[in-house]
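Participant: Next come the chains, spelled out residue by residue.
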Amino acid sequence: MKRARSLAAVCLLAAGVLFAVTSRRLGGGPEIVEAAGARYTVTVLPADPVEVRVTSGQAETVTLAAVMPSMGHALPPTGTVQAGPGRFVAEEDVFGMDGVWELSITLSGDRGEDVITVSAVVAGD
Amino acid sequence: MIRLFAVAFLLLLSMALPARAHVVEAGADLRVTQSFAAGEVTLVVAGVSRVPASLRVSAQAVHPTSLRLELELRSLTDGSRSTGSVSVGQSAAALRAGHVGPHELRVRAGDEVSLIPLRVLVPTSAPWTMLMDGAFLVAGLLVVGGVLAGRMSRLVVGGASAAASLAVAVMLLAPYLPAAQPEGAAPVADPGRPYAQGRFSTSPALPATGAEFTLILRLTDGATGRPLDDLAVHHEAPAHLVVTSEGGAVFRHVHPLRTGPGVLAVRLRVPHPGRYLAYAEIERQDSGGQLLSGAFEVSGAAPPDASSQETATPRVTPAAPAAGSPATIEISPEGPIKPWLGMPGHLIVRSGDGVHLAHVHGTAAGASALRFTLTLPEPGRYLAWAQYAVEGRLVTRSFTLEVRR
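Keeping their order, the protein sequence lines are chains A and B. Yeah, the first sequence ends on 124 if you go by numbering that gives the first Met the number 0, and it's all consecutive. Yeah, the second sequence ends on 404 if you go by numbering that gives the first Met the number 0, and it's all consecutive.
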């Protein structure tokens with residue numbers, strides 16, 4: 000009886016660990032993407048509204064163009080508003096559906112113009 | 000038995016995977032062939048199993064050459080750079096890769112630069128694999144410990160049984176659990192991307208016979224029209240470019256350099272004026288292969304000698320091939336063949352009107368023969384070029400095929 004109980008306890012524990020690991024891998028929030036172009040480096044949080052932080056270089060304007068490569072659709076480029084030093088927030092939502100998106104970030108500022116493209120998985124929350 | 004099924008299942012899954020990008024991962028070298036004006040070079044980037052690591056880059060060539068390449072590896076994550084240089088056939092350059100993920104390898108040969116995107120991957124194991132291994136270990140330790148101590152208490156037997164059953168349960172479930180993605184891998188999208196559109200141009204706009212010019216291919220996404228910058232390396236190059244003069248007297252098979260997003264360029268020099276047909280074989284990531292074609296003109300006067308091509312007299316079976324039926328073409332190289340672009344031989348066949356282009360790979364038939372089998376769609380006269388590497392040189396031999404109805 001005692002053995003059966005301890006067996007059940009071990010199995011429950013294992014199932015819990017598996018569930019925790021699986022849900023952490025499959026769910027969870029979006030991951031911050033770090034990317035470097037030829038002139039600037041940025042970090043991007045790929046969830047609406049998209050926020051771009053310029054970590055190297057002084058950008059003055061930042062525009063975003065989102066594409067889903069496997070779906071063959073692109074969205075009109077959207078501007079950003081500066082929410083703080085080096086922090087730019089998209090004026091409009093861009094990720095209309097879940098999937099793999101490619102975001103082209105065009106920056107202009109003290110180091111000239113640069114386009115940085117990042118890929119990100121957008122999943123419903 | 001279960002493991003056997005699991006392995007077979009995983010093998011099937013891995014075979015179904017679509018084309019991958021320029022990936023540097025443990026156990027596999029990334030080989031990228033590039034045609035510089037000074038000669039063709041295959042860059043070999045050795046895989047790494049952890050980061051930070053030193054990424055070893057060497058250069059190989061069919062023709063021995065003294066070409067020296069300046070290299071710069073730039074991280075597309077934090078912008079860090081590492082430089083080095085390598086000569087063809089010499090020891091590898093060691094470039095520092097600080098982390099996994101996308102990088103750009105800048106290769107300079109003289110005044111030509113190629114920007115090769117690559118992704119550094121490091122293997123990881125799935126958490127359930129670790130759980131299974133751990134459970135097997137616990138079961139083994141408990142049994143061995145119990146035997147050694149001479150005490151098989153209920154707790155030991157119970158614990159060992161529980162650990163063993165957990166391990167077996169995970170093993171049975173393993174084929175249905177997602178496989179571990181290597182660290183640094185690109186997000187996995189649905190397979191299939193829109194077709195590519197390619198526009199060929201030359202610089203100068205009208206090249207002259209015998210003078211060097213640049214053939215440029217601009218690639219755009221067939222759906223969105225944006226620059227297409229996701230080529231996968233297939234058969235050791237991101238793009239295979241075949242250029243033939245309309246009449247077939249001139250043939251080039253080159254591997255253009257990526258000079259910017261969606262822009263491929265290669266320097267050429269041709270001995271005859273007239274119309275030239277260009278074909279680019281490409282493969283987008285997560286997609287199949289596709290062929291883009293175009294044409295350009297070369298000005299000037301025709302040289303006195305008609306053709307400078309080496310010819311071949313192949314053995315064709317059947318002797319008079321029919322449209323829609325397979326024909327086998329056998330060529331006898333001059334000596335032992337070495338693989339070029341990962342294959343013993345290549346045969347490129349173009350219809351007289353340029354509408355059809357086939358690129359078939361050969362198999363070695365015995366020590367001194369190359370065999371190609373292909374089916375041609377329509378009756379007519381086809382121009383063919385067989386290519387293979389032998390005795391330190393790349394041999395191209397031309398011939399024609401008459402296909403009957």
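Derived from the structure by calculation, the hints contain no laboratory data. We treat Cβ as the ideally placed atom computed from N, Cα and C, and that holds for glycine. Mixed in with the good hints there might be a few duds.
What the hints assert, rightly or not - Here chain A is said to cover these stretches of chain B; the calculated rule only asks that three of the stretch's residues, wherever they fall, bring their Cβ under 8 Å from a Cβ of chain A:
id : region
1  : 62–75
2  : 188–196
To be verified - Computed, partial: chain A to chain B, Cβ under 8 Å:
id : residue
3  : 35
4  : 76
5  : 77
6  : 83
7  : 85
8  : 99
9  : 118
Participant: Does each hint hold? Answer for all of them.
Facilitator: Results for each hint:
1. Figure legend: the region 62–75 of chain B, annotated as covered by chain A; annotation consistent (3 residues with Cβ-Cβ distances under 8 Å, at least 3 required).
2. Chain A is given as covering the region 188–196 of chain B, and this holds because 6 residues of the stretch bring a CB closer than 8 Å to a CB of that chain, at least three being needed.
3. Of the supplied interface hints, the one on residue 35 of chain A holds, with its beta-carbon coming within about 3 Å of a beta-carbon of chain B, less than 8 Å.
4. For the restraint placing residue 76 of chain A at the interface with chain B, the shortest Cβ-Cβ distance is roughly 11 Å, beyond the 8 Å limit, so the hint is violated.
5. Taking 8 Å as the C-beta cut-off, the interface hint given for residue 77 of chain A is violated, the closest approach to chain B being about 15 Å.
6. Annotation: residue 83 of chain A was flagged as interfacial toward chain B, and the flag is violated, the nearest CB pair being 22 Å apart, outside 8 Å.
7. Given hint, residue 85 of chain A at the interface with chain B, is violated; its Cβ is 15 Å from that chain's nearest Cβ, farther than 8 Å.
8. With a cut of 8 Å, the hint placing residue 99 of chain A at the interface with chain B holds, because the nearest CB-to-CB distance is about 4 Å.
9. Annotation: interface hint on residue 118 of chain A holds; nearest CB of chain B at approximately 5 Å, less than 8 Å.
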